[in-house]
Amino acid sequence: MPRLVSHPDEVKIISRRFGMGATDIDRFIELGGYESVKKALAQGPEWIINEMKASGLRGRGGAGFPTGLKWSFVPKQSAKPKYVLVNGDESEPGTCKDHLIFLHDPHAIIEGTIIAGLAIGAKTGFIYLRGEYRYLIQIVEKAVADAYARGFLGTNIFGSETEFQVIVQSGAGAYEVGEESALMESLEGKRGVPRIKPPFPAVVGLYGGPTVINNAETIAAVPHILAMGGAAYAAVGSERNGGTRLFGISGHVERPGIYELPMGYNLKKMIYEVAGGIRGGRKLKAVVPGGSSTPVLLPEEIENLGMDFDQVGKAGSMLGSGGVVVIDDQTCIVEFALRTISFYAHESCGWCIPCREGTDWLKKSLTRFHAGFGTIQDIDNIQYLAENMMGRTFCPLGDAAAMPTIGFVKKFRKEFEDHINGKSCPYAKHVEVALV
Amino acid sequence: MSTETMSIFSPQLAAKFDALVLKYPVKRSALVPMLLYAQDEIGYVSDAVIAEIADRLSITPLDVRNVATYYSMLRFKPVGKYNVQVCTNISCMLRGAYDLFDHLQGTLGIGHKGVTADGVFSLEEVECIGACCWAPAIQVNYDFHDELTNDKVDAVLATYRAKAKGATTNA
Numbered sequence: 000m001p002r003l004v005s006h007p008d009e010v011k012i013i014s015r016r017f018g019m020g021a022t023d024i025d026r027f028i029e030l031g032g033y034e035s036v037k038k039a040l041a042q043g044p045e046w047i048i049n050e051m052k053a054s055g056l057r058g059r060g061g062a063g064f065p066t067g068l069k070w071s072f073v074p075k076q077s078a079k080p081k082y083v084l085v086n087g088d089e090s091e092p093g094t095c096k097d098h099l100i101f102l103h104d105p106h107a108i109i110e111g112t113i114i115a116g117l118a119i120g121a122k123t124g125f126i127y128l129r130g131e132y133r134y135l136i137q138i139v140e141k142a143v144a145d146a147y148a149r150g151f152l153g154t155n156i157f158g159s160e161t162e163f164q165v166i167v168q169s170g171a172g173a174y175e176v177g178e179e180s181a182l183m184e185s186l187e188g189k190r191g192v193p194r195i196k197p198p199f200p201a202v203v204g205l206y207g208g209p210t211v212i213n214n215a216e217t218i219a220a221v222p223h224i225l226a227m228g229g230a231a232y233a234a235v236g237s238e239r240n241g242g243t244r245l246f247g248i249s250g251h252v253e254r255p256g257i258y259e260l261p262m263g264y265n266l267k268k269m270i271y272e273v274a275g276g277i278r279g280g281r282k283l284k285a286v287v288p289g290g291s292s293t294p295v296l297l298p299e300e301i302e303n304l305g306m307d308f309d310q311v312g313k314a315g316s317m318l319g320s321g322g323v324v325v326i327d328d329q330t331c332i333v334e335f336a337l338r339t340i341s342f343y344a345h346e347s348c349g350w351c352i353p354c355r356e357g358t359d360w361l362k363k364s365l366t367r368f369h370a371g372f373g374t375i376q377d378i379d380n381i382q383y384l385a386e387n388m389m390g391r392t393f394c395p396l397g398d399a400a401a402m403p404t405i406g407f408v409k410k411f412r413k414e415f416e417d418h419i420n421g422k423s424c425p426y427a428k429h430v431e432v433a434l435v
Numbered sequence: 000m001s002t003e004t005m006s007i008f009s010p011q012l013a014a015k016f017d018a019l020v021l022k023y024p025v026k027r028s029a030l031v032p033m034l035l036y037a038q039d040e041i042g043y044v045s046d047a048v049i050a051e052i053a054d055r056l057s058i059t060p061l062d063v064r065n066v067a068t069y070y071s072m073l074r075f076k077p078v079g080k081y082n083v084q085v086c087t088n089i090s091c092m093l094r095g096a097y098d099l100f101d102h103l104q105g106t107l108g109i110g111h112k113g114v115t116a117d118g119v120f121s122l123e124e125v126e127c128i129g130a131c132c133w134a135p136a137i138q139v140n141y142d143f144h145d146e147l148t149n150d151k152v153d154a155v156l157a158t159y160r161a162k163a164k165g166a167t168t169n170a
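Residue numbers (numbering that gives the first Met the number 0), protein chains in the order written: chain X, 0 to 435; chain V, 0 to 170.
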C-alpha cells in the first residue's frame with residue numbers, strides 16, 4: 000500500500016482528505032464532499048467556467064493548458080451528445096500522483112466529473128484508469144455505485160432535472176493511450192493510436208461528439224476550487240499558475256512520496272527540505288523535473304527554480320506531470336538515458352515513422368554506447384536523430400522521447416565521452432533491458 | 000443467464016459481459032475491458048476468447064486480434080498462476096530494481112517471460128507501473144508490492160507459494 004508522507008510546507012487542497020476514509024460516501028459528505036456540485040447546479044455553467052478561469056488552474060496532465068478556457072471551447076449547441084473524459088491512464092515514468100487520488104478520494108473525481116459535465120452540457124462522463132490499477136478501478140467502481148444509490152448520479156441528480164451518468168473504463172497497458180485522442184480511440188474499442196488534429200476533441204471527440212478531456216488531478220481540483228472560490232485558489236499559486244500541485248518525488252531522496260505544494264515552490268527546497276535531501280548524504284547530479292519526457296536539469300539550474308509551467312519552461316525543461324526524479328552522483332547518465340529511451344521505444348505506437356524508427360535507433364545507439372562500443376560520431380548522431388524527431392509526429396510521444404535525449408547528450412557530453420575512452424561504463428553497472 | 004448459450008466463460012463473467020456491452024453508447028467500447036476480464040479468468044487471450052468476444056460485439060475475430068495485440072497487458076499464451084512483474088523504469092531503477100530483478104531470476108530460476116516448472120510463478124520485466132514514489136515496486140497479478148528489498152520480496156513470494164499450496168490441497 001502506498002505510504003502517505005507529509006511536510007509542514009504542504010498546502011493540502013486536493014490531498015486534504017487523503018488517509019481520512021473518504022472512499023466511504025458518508026465520510027466524504029461529512030468532509031464537505033458533494034457540496035460544490037450542488038452549488039454548481041444552482042449557479043449554472045457560466046458561473047462554473049468563470050470560477051475555473053479565475054482559479055488559474057492549468058491542466059495537470061502535463062501540457063498546462065488553462066482548464067476554464069478549454070471548457071469554454073466546447074460549443075453550446077451540438078447535434079451529437081457531449082462527453083467528459085477523465086484521463087487516469089497515468090503512465091509517464093516518475094508519475095504516480097493520480098494513484099493516490101483514486102485510492103483515497105475517488106468521490107472527488109466523481110464530483111469533479113459531474114461539475115465538468117454541467118459546465119459543458121454533457122450527460123455522460125467516463126473515468127479511464129490504466130489497467131494495471133485494478134484495485135483502484137474497484138474502489139472507483141464502488142464509489143460510482145454508491146453515488147448512483149444516493150441519486151448523485153443518474154437521471155435526476157441531487158433531485159434536479161439534470162441527468163448525468165458515469166462509466167468507469169479500464170485500459171490494458173499502453174502509454175500512448177494517455178494522449179487524449181489515443182485515449183478516445185481506446186475507449187471506442189480500437190488500438191490506442193492518436194487522431195489527426197484538427198478537429199480538436201472540444202469539437203469532434205469521443206463518438207464524434209464534443210468532448211472535454213482532463214487529467215484526473217485537474218478534475219479532482221475542481222470541487223475544491225468551487226468551494227474556496229476561483230480567486231482564492233489562484234492566490235495560492237504563482238503568477239499565471241493557480242493553486243497547488245501534487246508533486247511526486249522519487250529516486251535518490253531520503254523521503255520520496257507525493258507532496259502537495261503551491262505552484263512555484265522552489266525545486267531545491269523541495270528536494271533538500273521536503274524530501275529530506277539526497278539519500279545517504281550523496282551529492283545531487285541531476286533532476287528530471289516533470290516525468291521522464293522532460294529534459295534533465297543540472298544542480299546549478301535548480302538554485303532559484305520555482306516549480307510552475309512558466310519558470311520550468313524558461314529553464315529549458317517542462318513541469319509536465321510534476322513527477323520529480325532525483326539522480327545522485329553515483330548514477331550513470333548514459334544508463335539512465337538508455338532506460339528512459341527504452342521505455343519510449345517499447346511504447347511507441349508505431350504509427351509515425353520518425354517516432355517508431357527513431358526511438359528504436361536511439362535505443363540501439365545508447366545500448367551500444369553504454370556497453371563501451373560508442374564513437375564520438377555516435378554522440379552527434381544521437382543528438383541529430385533526436386532533433387529530427389522533434390515536431391514530426393502526430394502526437395507528442397516522439398517529442399517526449401527526443402527532448403530528454405537531447406538534454407542528456409548536451410548536458411552530459413563528457414560522460415558519454417568517458418564511455419568511449421574507458422571502453423565501458425565508468426560506474427561498472429550494466430543495464431540490459433529485457434523488455435521486448 | 001447470458002445471452003450467449005455456449006459461453007466459454009463462467010456464468011458470472013458471461014453475465015458481467017452482457018451488462019457491460021449495454022453500458023456504452025457503442026458496444027465495441029467494451030472490447031478492451033472484456034479482453035482483460037476474459038484473460039483474468041481463462042489465463043490468456045486464447046483463440047476461443049477472441050472468437051466469443053468478436054461474436055458478442057458483432058465484429059470479426061481479426062478486429063479483436065488487431066486491438067488485443069496493441070495492449071501490453073494482454074498475452075496470447077498462459078503464464079504462471081502468479082505473474083510477477085518487476086518495474087525497472089527510471090524511479091525503480093534508481094532504487095535497485097535491477098538488483099531485485101536479478102534476485103528474482105535467481106530465486107525463481109527463470110528469466111524474463113519465463114514460467115517456473117510447477118507453473119506457480121512467471122516473471123517479467125515491465126515498464127512503469129505507477130508506483131514511482133514507493134520504488135522499487137513489483138506487481139503480482141493485480142497486487143502491488145512496494146518499497147522492496149531482496150528480503151522483503153522473498154517474504155512476498157513465500158505468501159504466494161503458501162497460497163498456491165493451499166489451493167492445491169483444497170482441490
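To be clear, the hints were calculated from the coordinates, so they are not data collected in a lab. Careful, some of the hints might be misleading.
Said to hold, decoys possible - Label pairs and their in silico Cβ distance ranges:
hint	chain 1	residue 1	chain 2	residue 2	range
1	X	162	V	116	36 to 44 angstroms
2	X	363	V	40	34 to 42 angstroms
3	V	21	X	49	34 to 42 angstroms
As the list claims (entries may be wrong) - Every beta carbon over 10 angstroms from chain V, so not counted as near; a handful from chain X, in silico:
hint	residue
4	19
5	168
6	414
Virtual Cβ for every residue (Gly too), placed ideally from N, Cα, C.
- Query: So does residue 21 of chain V sit 34 to 42 angstroms from residue 49 of chain X, Cβ to Cβ?
  - Reply: 38 angstroms, holds
- Item | Status of residue 414 of chain X, Cβ more than 10 angstroms from any chain V Cβ | Answer for residue 414 of chain X: holds, closest chain V Cβ roughly 16 angstroms.
- Message: Please check whether the beta-carbon of residue 19 of chain X is more than 10 angstroms away from every beta-carbon in chain V.
- Response: 20 angstroms, holds
- Taking the shortest Cβ-to-Cβ distance between residue 168 of chain X and chain V, state whether it exceeds 10 angstroms. Since the minimum Cβ distance to chain V is about 7 angstroms, residue 168 of chain X lies within 10 angstroms and the statement is violated.
- Message: Between the beta carbons of residue 162 of chain X and residue 116 of chain V, is the distance compatible with 36 to 44 angstroms?
- Response: For residue 116 of chain V against residue 162 of chain X, whose Cβ atoms are near 56 angstroms apart, the range 36 to 44 angstroms is violated.
- Query: Taking the beta carbons of residue 363 of chain X and residue 40 of chain V, is their distance inside 34 to 42 angstroms?
  - Reply: 39 angstroms, holds
Violated hints, in rising order: 1, 5; the structure is consistent with all others.
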